[in-house]
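Enquirer: Order-wise, the sequence lines are chains A and B. For the first sequence, the working numbering assigns the number 1 to the initial residue and increments by one for each residue that follows. For the second sequence, the working numbering assigns the number 1001 to the initial residue and increments by one for each residue that follows.
Source of the hints: derived by calculation from the structure; they are not laboratory data. For glycine and all other residues, C-beta sits at the position ideal for the given N, C-alpha and C. Keep in mind that the hints are not guaranteed to be accurate.
As the list claims (entries may be wrong) - List of simulated lysine to aspartate or glutamate pairs, EDC-like, C-alpha gap at most 16 angstroms:
| hint | chain 1 | residue 1 | chain 2 | residue 2 |
| --- | --- | --- | --- | --- |
| 1 | A | Lys-207 | A | Asp-19 |
| 2 | A | Lys-207 | A | Asp-195 |
| 3 | A | Lys-52 | A | Glu-28 |
| 4 | A | Lys-71 | B | Asp-1099 |
| 5 | A | Lys-3 | A | Asp-19 |
| 6 | A | Lys-52 | B | Glu-1091 |
| 7 | B | Lys-1026 | A | Asp-126 |
| 8 | A | Lys-52 | B | Glu-1231 |
| 9 | A | Lys-215 | A | Asp-195 |
| 10 | B | Lys-1026 | A | Asp-88 |
| 11 | A | Lys-71 | A | Asp-150 |
| 12 | A | Lys-3 | A | Asp-150 |
| 13 | A | Lys-3 | A | Glu-28 |
| 14 | A | Lys-116 | A | Asp-195 |
| 15 | A | Lys-52 | A | Asp-19 |
Stated by the list, open to error - To spell it out: a stretch of chain B is covered by chain A in this simulated footprint if at least three of its residues, at any positions, have a beta carbon under 8 angstroms from a beta carbon of chain A; those stretches are:
| hint | region |
| --- | --- |
| 16 | 1011 to 1021 |
| 17 | 1074 to 1087 |
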Amino acid sequence: MIKINNLAKNYGLNPVLRDVNLQVEQGEFVTLVGPNGAGKSTLMRIVATLIKQTSGNVTIGGWPLPQRADKVRRHIGLVSHQSMLYGDLTAAENLSFFARLYRLDDAAARVQQALKTVGLLARQRDPVSTFSRGMVQRLTIARATLHGPDVLLLDEPYTGLDQDAAQLLDDLLLRERGNGRTIFMITHDLVHGLDICDRVVILNRGKIMADIDSKQTTPTEFLDLYAAHTGRKKHE
Amino acid sequence: MNNSNQLSTFWAAVWAVVWKDLQIEKHTRQTISVMIMFSLVSVIMFNFALEANLAAAREVATGLLWSTILLAGTLGLNRSLAIERENQTMEAVLMAPIDRSAIYAGKVISISLFSLALEVVLIFIFIVFFNKPFWRPQVMLILVMGTIGYIAAGVIVTSMTIQTRTREVLLPVLLLPLSLPLVLPASIAVSAYMFPQLPDWGEVQGAISVVAIYDLLMLAAGFITYHYVVES
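Just need the whole structure built from these sequences, with the hints factored in.
Expert: Structure follows, in structure tokens:
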């Protein structure tokens, strides 16, 4: 579903990503981890069609980026640590706006269904600015999945969530994976990232250092590997 | 996708952006109310400053009207584009499968609507304070044309400056000189219709043509360049 070959990205003369090769199969859940400044968010923004690579090839569903970004956009959804929602609009109005942008058939019914799925139907007429962080993140997932994307991109989705909200987010993500969605996530929570996904990829200084099958690795082994590849202590 | 489908997708996206901006304004009333408050205070201050010479005040009323519209317009532009920056909502909009020029067109339409609403109030205030025929249809037509050109240029400039830390300062510094070729002929044309015994009609027609050409140029520049402005 996502194929990245020899990807490089420079900001001016500063290389942020170097020779990145990565493949994510359809229905797979892959977590990308790495220290601050490793290039995780830059990689995510390239896959999300928000910025262009300096060199290398990226294809999503067979469509190359950035040339066919228009095709790719209908098939991806992004959940970030920022809500990407309008605080002054109600939950239903936010989803209606994005339903209009994507020209969804039967938009009103889909908005209602999305709100029901994330448990916000009763709060649909309330402004998003009055929501808790957990509710905002649930609505963000509703926004990102409203148009039925094949690929769900998650950039630090657990930031600022308490334990209950994080558990709710886990349930939603596992449901999305059960629906056959490909999930590509960035997180700082190493153990949780390992626990929830099929594969974990370690990125450091713009290069992929390891690609690990999460079922074949214990959390302790993974933390040791992470420390060895990034030169960081486990708690960093 | 055929041309008819593309056009329909384009206008659906334009309407989505306009609808969203109108909904936000309906809930908050922050943009229009700030523009009106600023304009009201400005007109009162101008009026006090020129009270000693009412005839002079009437002579410069057209210029005062345009100055007020331009300055209040920068407030509206800043507010409307700042909304897109909060919570990175612009990124979610940019990830939608829509033409970037549809976002531009939507923003121009919604901010123009806010400015035109302001101008309805301003015309009433100017009639009360300066006792001049601002209600004439020709004056209103030129105001509408001038507003569209100013906002068309303003959305491009604001989309660039909104990313900077000095956006409140940078916007008027860049936009006001850029709007000079619009405001000068628009003021000439409005003055001509306020003092119909004075005008050289050839000059007035030329001024209106310049305003129309400015509108077309700015709209074309926006449609062509907005893609680069929001993605770089």
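Enquirer: For each hint, tell me whether it holds in the structure or not.
Expert: To see whether the hints hold, each was checked on the structure:
1. A:Lys-207 - A:Asp-19: holds (7 angstroms)
2. A:Lys-207 - A:Asp-195: Since the Cα atoms of Lys-207 (chain A) and Asp-195 (chain A) sit roughly 23 angstroms apart, the hinted pair is violated (cutoff 16 angstroms).
3. A:Lys-52 - A:Glu-28: violated (24 angstroms)
4. A:Lys-71 - B:Asp-1099: holds (12 angstroms)
5. A:Lys-3 - A:Asp-19: holds (13 angstroms)
6. A:Lys-52 - B:Glu-1091: holds (14 angstroms)
7. B:Lys-1026 - A:Asp-126: holds (14 angstroms)
8. A:Lys-52 - B:Glu-1231: The given pair, whose Cα atoms are some 9 angstroms apart, holds under the 16 angstroms limit.
9. A:Lys-215 - A:Asp-195: The hint holds at about 9 angstroms.
10. B:Lys-1026 - A:Asp-88: Since the Cα atoms of Lys-1026 (chain B) and Asp-88 (chain A) sit roughly 10 angstroms apart, the hinted pair holds (cutoff 16 angstroms).
11. A:Lys-71 - A:Asp-150: Within the cut-off at roughly 12 angstroms; holds.
12. A:Lys-3 - A:Asp-150: Holds: Lys-3 (chain A) and Asp-150 (chain A) sit about 14 angstroms apart, inside 16 angstroms.
13. A:Lys-3 - A:Glu-28: holds (13 angstroms)
14. A:Lys-116 - A:Asp-195: violated (27 angstroms)
15. A:Lys-52 - A:Asp-19: holds (15 angstroms)
16. 1011 to 1021: holds (count 6)
17. 1074 to 1087: The restraint on the region 1074 to 1087 of chain B holds, since 3 of its residues have a Cβ under 8 angstroms from chain A and three suffice.
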